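**Q** Let the sequences and hints guide you as you build the complete structure.
There are 2 protein chains.
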Amino acid sequence: MKIAIDAMGGDHAPLSVVEGALQAGVFCPAELVLVGDEEALRALLPDGISSGVRVVHAPLVVSMEEFGPTAIRKKREASINVAMRMLAEGEVDCVVSAGNSSAVVAAAKHFVGLLPGLKRPALAVSLPTTDARPILLDAGAHPESGALHLAQSALLAHMYLRVSRGIERPAVALLNIGSEATKGTRAVQRAYALLHRSSLNFLGNMEPHELFAGKADAVVCDGFVGNIVMKMCEGFSEWMMGELGSRVAPRSTGLGTALEDLKQGLAYQHVGGAPLLGVKSPVIVAHGRSGRSAVSSAIGLACRITRDRICEKMADIEQGASAVDFKQFSAMVFFENFKTRWSSAPK
Amino acid sequence: MKIAIDAMGGDHAPLSVVEGALQAGVFCPAELVLVGDEEALRALLPDGISSGVRVVHAPLVVSMEEFGPTAIRKKREASINVAMRMLAEGEVDCVVSAGNSSAVVAAAKHFVGLLPGLKRPALAVSLPTTDARPILLDAGAHPESGALHLAQSALLAHMYLRVSRGIERPAVALLNIGSEATKGTRAVQRAYALLHRSSLNFLGNMEPHELFAGKADAVVCDGFVGNIVMKMCEGFSEWMMGELGSRVAPRSTGLGTALEDLKQGLAYQHVGGAPLLGVKSPVIVAHGRSGRSAVSSAIGLACRITRDRICEKMADIEQGASAVDFKQFSAMVFFENFKTRWSSAPK
Chain A
1 MKIAIDAMGG DHAPLSVVEG ALQAGVFCPA ELVLVGDEEA LRALLPDGIS
51 SGVRVVHAPL VVSMEEFGPT AIRKKREASI NVAMRMLAEG EVDCVVSAGN
101 SSAVVAAAKH FVGLLPGLKR PALAVSLPTT DARPILLDAG AHPESGALHL
151 AQSALLAHMY LRVSRGIERP AVALLNIGSE ATKGTRAVQR AYALLHRSSL
201 NFLGNMEPHE LFAGKADAVV CDGFVGNIVM KMCEGFSEWM MGELGSRVAP
251 RSTGLGTALE DLKQGLAYQH VGGAPLLGVK SPVIVAHGRS GRSAVSSAIG
301 LACRITRDRI CEKMADIEQG ASAVDFKQFS AMVFFENFKT RWSSAPK
Chain B
1 MKIAIDAMGG DHAPLSVVEG ALQAGVFCPA ELVLVGDEEA LRALLPDGIS
51 SGVRVVHAPL VVSMEEFGPT AIRKKREASI NVAMRMLAEG EVDCVVSAGN
101 SSAVVAAAKH FVGLLPGLKR PALAVSLPTT DARPILLDAG AHPESGALHL
151 AQSALLAHMY LRVSRGIERP AVALLNIGSE ATKGTRAVQR AYALLHRSSL
201 NFLGNMEPHE LFAGKADAVV CDGFVGNIVM KMCEGFSEWM MGELGSRVAP
251 RSTGLGTALE DLKQGLAYQH VGGAPLLGVK SPVIVAHGRS GRSAVSSAIG
301 LACRITRDRI CEKMADIEQG ASAVDFKQFS AMVFFENFKT RWSSAPK
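The listed protein sequences correspond, in order, to chains A and B.
Under our numbering, the first residue of the first sequence carries the number 1, and numbering increases by one thereafter.
Under our numbering, the first residue of the second sequence carries the number 1, and numbering increases by one thereafter.
No lab work stands behind these hints: they were computed from the structure.
Treat the numbers as computed from the prediction; the structure is a model and nothing was measured.
It is possible that some hints are incorrect.
Any copy, or any two copies together, can satisfy a pair, since identical chains are not distinguished.
[Stated by the list, open to error] Below are the SDA-like pairs computed for lysine to any residue, each with C-alpha atoms no more than 25 Å apart in a straight line:
| hint | residue 1 | residue 2 |
| --- | --- | --- |
| 1 | 313 | 69 |
| 2 | 74 | 26 |
| 3 | 74 | 179 |
| 4 | 215 | 64 |
| 5 | 119 | 187 |
| 6 | 74 | 186 |
| 7 | 280 | 193 |
| 8 | 74 | 178 |
**A** Written as structure tokens, this is what we have:
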């Protein structure tokens with residue numbers, strides 16, 4: 001098993017990425033391939049650590065400010081491109097990157113390719129609830145989504161949970177601002193109609209305050225909303241810990257430990273990375289702000305997903321039928337929406 | 001001072017609305033006008049309470065499932081329409097409703113009208129941070145927004161904070177999934193460009209985890225995202241209280257009191273309602289799930305906003321110039337985005 005790591009991606013790259021890889025090397029059975037500026041990377045690696053960590057040179061870097069789809073075409077030799085090409089050609093089994101996520105997504109689509117019939121990949125994160133840990137997707141692969149993209153994300157969630165957690169018919173919900181089918185943006189309303197007619201175990205709309213009740217196995221939204229939700233969890237927990245900590249003397253009460261426990265469970269350093277579902281081979285996207293331990297956790301996740309052959313199993317599920325279904329329904333739903341909205345009789 | 005209350009709007013209407021009005025009647029100096037089915041309302045009111053609370057008959061109700069803009073046109077005599085007509089004709093000074101918010105927004109636009117040059121009103125809620133309490137808008141008046149809508153929301157926030165809190169140049173930020181100008185949806189990217197060129201004190205993009213740091217006075221987003229953020233705060237705080245409560249014995253440690261304090265500060269029952277900014281006269285939208293105390297708080301807010309003449313003062317500020325500015329910039333920004341995205345030279 002070989003894992004390529006985009007050593008130049010992330011706010012604290014390449015230092016934190018190299019440190020994270022060395023940390024992960026201790027427990028991870030894979031050979032780690034650091035892709036990036038060879039000179040800079042060699043300087044960061046301790047002498048004589050040839051076993052387990054290898055360096056592959058890539059002269060360019062896609063920065064966080066660039067627009068992914070154009071950046072990966074202009075900078076052919078960027079670290080993320082080199083890593084994805086290695087994945088596409090079978091030289092490595094998985095890619096991990098904390099870099100510009102739009103570039104990671106674009107490079108994955110361009111070099112590795114998607115499952116047949118799929119329009120887009122989606123980034124799936126685990127929500128920090130106690131037991132069930134529903135997944136939320138898309139957590140930021142594409143900020144804007146149409147109805148078909150949302151419906152296909154639900155399908156990806158279904159396939160992923162079936163393969164990775166063994167749930168036969170995972171319960172999938174749409175994140176919305178009301179429970180009624182008429183609430184939300186037009187894309188969400190139409191996705192509701194598509195999913196309602198599909199063979200998935202669709203629970204309907206779910207409001208954000210229900211996320212933590214653990215009713216659904218997966219919650220679907222567009223990448224902008226998903227990313228907002230994820231970062232809200234982060235920010236709100238930090239703020240609330242601070243608030244509570246300042247009101248109660250932490251050491252005397254055991255509250256200190258409880259807060260610390262909760263913080264560990266919520267912190268993105270420990271969650272690490274998110275799988276980019278729908279790509280033919282495993283790609284793990286880590287938080288742009290990843291420090292050493294976040295990178296190390298992301299590599300750990302990459303090891304598990306590669307070992308369990310999640311992507312291969314997802315490709316094996318017969319999913320072509322559902323993907324086509326959604327397309328046929330699309331036009332029908334448009335006319336039905338139109339009818340209900342404008343022609344129902346006044347009460 | 002007279003306040004009309006849509007007695008038929010909300011999940012627990014009319015009971016909780018009537019109870020809330022009676023509770024507010026104790027401290028609120030205004031005459032309260034309950035608008036709704038007279039028979040049903042009379043049955044809920046205790047005998048002999050003619051002073052302070054009046055009933056105006058409206059035979060129809062817009063339910064939570066309906067699409068506001070069409071519902072208010074079909075049901076001419078719905079309670080929300082009757083209340084808004086009274087506001088437009090000067091019979092009352094303010095309207096409070098916990099009903100279908102798309103209907104409240106549509107009726108406010110249709111009967112009362114907006115400030116000159118404005119495309120849409122926006123719902124402004126206070127975020128539950130400790131000191132600064134930044135406002136977030138739009139919190140759900142319109143689920144979808146273009147760049148101009150977002151920019152005008154920022155202008156509304158500027159005007160509202162100047163008038164209500166006396167801040168000369170309120171700091172306004174855009175809620176986004178990254179700090180760079182190129183992040184987020186196309187609407188948010190273009191709103192960034194518009195605000196960057198405006199005379200407002202624009203801080204740039206703000207990520208959700210920074211919301212609680214209290215840097216901005218107002219944070220702007222579309223109604224879908226705003227509503228999600230608001231309900232995330234609600235749900236996350238409830239979940240986290242439960243989590244912490246189960247790990248630490250609350251009574252023995254004083255944690256119980258601390259949690260209770262925090263809960264009070266966050267609960268929507270105590271925040272109550274949100275002003276619909278941009279409408280010529282004051283309109284307060286309460287949470288659909290409002291119980292008695294939430295309705296009472298919303299009426300309290302209505303009293304303060306009406307007493308302080310916030311809407312009149314907002315209309316007095318010279319704002320026409322800025323509203324026009326945004327329109328002229330709109331086309332220019334489109335071409336600039338196009339240029340930066342597709343024609344910059346590779347590094």
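**Q** All hints, please: hold or fail.
**A** Here's how the hints hold up against the structure:
| no. | hint | verdict |
| --- | --- | --- |
| 1 | 313 x 69 | neither (28 Å within a copy, 47 Å between copies) |
| 2 | 74 x 26 | neither (37 Å within a copy, 69 Å between copies) |
| 3 | 74 x 179 | between (45 Å within a copy, 23 Å between copies) |
| 4 | 215 x 64 | between (36 Å within a copy, 23 Å between copies) |
| 5 | 119 x 187 | both (15 Å within a copy, 22 Å between copies) |
| 6 | 74 x 186 | between (35 Å within a copy, 22 Å between copies) |
| 7 | 280 x 193 | neither (28 Å within a copy, 37 Å between copies) |
| 8 | 74 x 178 | between (43 Å within a copy, 23 Å between copies) |
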